[in-house]
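Asks: Using the hints provided, position chain D relative to the given structure of chain P.
Chains as they are written, first to last, in my numbering: chain P, 215 to 467; chain D, 2 to 168.
Rather than coming from a laboratory, the hints here were simulated on the basis of the structure.
Idealized CB from N, CA, C, for every residue including glycine.
Looking from chain D toward chain P, a few residues come up when the C-beta cut is under 8 Å (computed):
1) P49
2) V50
3) S51
4) E145
5) A156
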Amino acid sequence: MKSTVDWRLLAAVSQCFAIAALTTLSLAAQAQSAGIAPEAKQILKASTDFLASQQRFTADTRNTLEIVLKSGQKIEFNSTGRQSIQRPNKLRAERTGDLVDQVFVYDGQSLTLFNPQQNIFAQVAAPGTLEDMLDFARTKLDIVAPAGDLIYKNAYDILMDGVTEGIVVGKAVIEGVLCDHLAFRAPELDWQIWIQQGAQPLPRKIVITTLDLPNAPQFGITVTQWNLQPAFDAQTFKFTPQAGMKQIDFLPL
Amino acid sequence: MTRTGKSKAFVVTIALPLLYLAGVSPDAPASLTLVPEARAVVGAPLTPVSAAGVARRTTRRVVVAESSATQASAATTATAQQQAATAQQQSATAQQQSATAQQQSATAQQQQAAASRPPGAPAVGAVVSALPAGCKPETRNGVEFQNCGGVYYRAAFQGNNLVYVVQ
Numbered sequence: 215m216k217s218t219v220d221w222r223l224l225a226a227v228s229q230c231f232a233i234a235a236l237t238t239l240s241l242a243a244q245a246q247s248a249g250i251a252p253e254a255k256q257i258l259k260a261s262t263d264f265l266a267s268q269q270r271f272t273a274d275t276r277n278t279l280e281i282v283l284k285s286g287q288k289i290e291f292n293s294t295g296r297q298s299i300q301r302p303n304k305l306r307a308e309r310t311g312d313l314v315d316q317v318f319v320y321d322g323q324s325l326t327l328f329n330p331q332q333n334i335f336a337q338v339a340a341p342g343t344l345e346d347m348l349d350f351a352r353t354k355l356d357i358v359a360p361a362g363d364l365i366y367k368n369a370y371d372i373l374m375d376g377v378t379e380g381i382v383v384g385k386a387v388i389e390g391v392l393c394d395h396l397a398f399r400a401p402e403l404d405w406q407i408w409i410q411q412g413a414q415p416l417p418r419k420i421v422i423t424t425l426d427l428p429n430a431p432q433f434g435i436t437v438t439q440w441n442l443q444p445a446f447d448a449q450t451f452k453f454t455p456q457a458g459m460k461q462i463d464f465l466p467l
Numbered sequence: 002m003t004r005t006g007k008s009k010a011f012v013v014t015i016a017l018p019l020l021y022l023a024g025v026s027p028d029a030p031a032s033l034t035l036v037p038e039a040r041a042v043v044g045a046p047l048t049p050v051s052a053a054g055v056a057r058r059t060t061r062r063v064v065v066a067e068s069s070a071t072q073a074s075a076a077t078t079a080t081a082q083q084q085a086a087t088a089q090q091q092s093a094t095a096q097q098q099s100a101t102a103q104q105q106s107a108t109a110q111q112q113q114a115a116a117s118r119p120p121g122a123p124a125v126g127a128v129v130s131a132l133p134a135g136c137k138p139e140t141r142n143g144v145e146f147q148n149c150g151g152v153y154y155r156a157a158f159q160g161n162n163l164v165y166v167v168q
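Chain P with its partners taken away, still in its complex shape (with noise of 0.2 Å):
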């Protein structure tokens, strides 16, 4: 009969599967009892480094965002962006999506949020760095930048604070880019990188699994593209209110 046949070969195929899956599971065990690879954090530190050394760039990112409804069921939320970078004081990062329209500006001095459906601004004076900045912002107003911190120069050290396993899960491709894939482990967070392969060795994708929450959310950022040579105008890092605009504050901390 036919259909025996064809159960036969899927029950062969199966079981090749299934020995292959074990191996690879039983070397990720092996690892994961090491603690934290020594190749997974020379991968990660040269990437950090790389990012460190760029002093303007853009990145083109996609986001995923899950919530967790009451009762256990998960929703996501898309959404766009484009973060341009000029170190070691300057951010604009604009993004849409089903939860978010919104430009977030940071010219050295102030940092401005800015929602153009609403046509409103919040403007406040920040600090004069990036890090500073982008500290203050997460402190003081509650705002977190998406996969901010691999923004700051010192992104390794925060990465990896708390981490306590670590591994190369091995090789992938990203927006066709071979990347290697790395996982990490922390009290109350998994995460995983994606990183270029070669001479520039970007993150291409950044997923964030949150333990401590039920049904633990993730948290997605793939970069759909980098630009280290980016042109920025006198515009790119100056929120200038127009005729219309409402201005409103942010509620403290």
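Replies: Showing chain D alone in chain P's frame:
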């Protein structure tokens, strides 16, 4: 063995190692999530978007949204749920009331507004993510308020979120 049974076995053989690799327990019953949604927490606490070490992670402020089961099962967006839920949000943000109370009492005009508040008005200082229906903008001393049936709201950013603070 039936065709269905073999098919299932095939899937499980493949899926189990993948689940283990992902660190997910294969024992977790998937059906637990198939409960009708009557209450929703949207963005609260918001899924962290930063991998920073545990010590650096902030506890995001809570915005609670409620909606009927019908609305939720009809897959209305989170935004729609939030808009349908302003009343419940006020109670959820009671902590924030004290935080913003100082601001609220700052101007005499606001006190005046509070004095003439309609019965059943939300508490002064409450933070909501959407205005009730039928609000009209009113500018006082160059500041725009929303007059919603005698209750005044003022727009503000709470983190990345545009919210309205009851005056």
